[in-house]
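Asker: Start from the sequences, fold in the hints, and give me the full structure.
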Amino acid sequence: MPAFPKAVQQVLALCRDINCSPRQLVGVIEHDPVMTVKLLRIVNSVSYGLPNKVASVNQAVLYLGLNTVKNLALTFAMIGVLPSKNVAGFDVGEYLIHSVAVASLARFLATRPESGGVDGDDAYVAGLLHDFGKVVLATHLPDEYREALAIAEVEKRPLHIVERELIGADHADVGAMLAQHWKFSADLIACIRTHQSTPEANGLTACVAMANQLVRRAGVGNARNAFREDEQPVSRRWGADFVAIDAALGRLDGILSSARAFAESAR
6 MPAFPKAVQQ
16 VLALCRDINC
26 SPRQLVGVIE
36 HDPVMTVKLL
46 RIVNSVSYGL
56 PNKVASVNQA
66 VLYLGLNTVK
76 NLALTFAMIG
86 VLPSKNVAGF
96 DVGEYLIHSV
106 AVASLARFLA
116 TRPESGGVDG
126 DDAYVAGLLH
136 DFGKVVLATH
146 LPDEYREALA
156 IAEVEKRPLH
166 IVERELIGAD
176 HADVGAMLAQ
186 HWKFSADLIA
196 CIRTHQSTPE
206 ANGLTACVAM
216 ANQLVRRAGV
226 GNARNAFRED
236 EQPVSRRWGA
246 DFVAIDAALG
256 RLDGILSSAR
266 AFAESAR
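Residue 272, in this note's numbering, is where the sequence shown stops; the numbers in between run on with no holes.
No wet-lab data here; the hints were simulated from the structure.
Worth double-checking, as some hints may not be accurate.
Quick list of in silico lysine-lysine cross-link-like pairs, DSSO-like style, CA-CA up to 27 Å [stated by the list, open to error]:
1. 11 to 188
2. 90 to 11
3. 161 to 58
Answerer: The structure is reproduced here in structure tokens:
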């Protein structure tokens, strides 16, 4: 199982501490030159549209807040452990765009009353990591995973079902194991494990599962699990069918295009 960089582990540990001060967080980030450069580049990009140029980590934390900086650190960490190449035919760049889009949309859904009071930052993290098991399978079982991707695409079947048939576990199982290895919360681990099998398990899982389906439906990022025309909404919290969901949520183009721009600039 891949490990997160030490600096990112420290950032996440600090952000779990309700008594964490901005000064402590700034100190950890400033001791990691790579994270500092990436953070400042993203903060000064069009994704945030800040009126003035941010020149220090301290300014970035003041402008964006602790939770946003934590989420950025997590995104950088995920990018850092993504393989540059794999022989399974898995497009890592498109995977990243899909993951960031799901994270952004899950956070949006969490702000809606239908979520039942889900924390937006928890939804973002869960959305970002919901498919990470695919990366592990593509990297460590490339032959089997190439076959699973091909079968799911040709036969238009859900990828996680094909994975179980060929490998004995699906990417949600593997992703949950990885989240446990990284010492994430029990709620996050359960969400990653069940977002495919029981999407209505709770509000957090419903937000991630619905966001995943809507991003696939919009064709944002190649998740190698194409939206099928006979699919029904995985959660009915936001509407009984996609017509009702579209009416309730409005156009999501802005969220999805911002997520794509962010993912592409963060690489």
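Asker: Sort out whether residue 188 lies within 27 Å of residue 11, counting only the CA atoms.
Answerer: Holds. Residue 11 to residue 188 sits at ~13 Å (cutoff 27 Å).
Asker: Sort out whether residue 11 lies within 27 Å of residue 90, counting only the CA atoms.
Answerer: holds, 24 Å
Asker: Check whether the Cα positions of residue 161 and residue 58 lie no farther apart than 27 Å.
Answerer: violated, 47 Å
Of the numbered hints given earlier, the model fails hint 3 alone.
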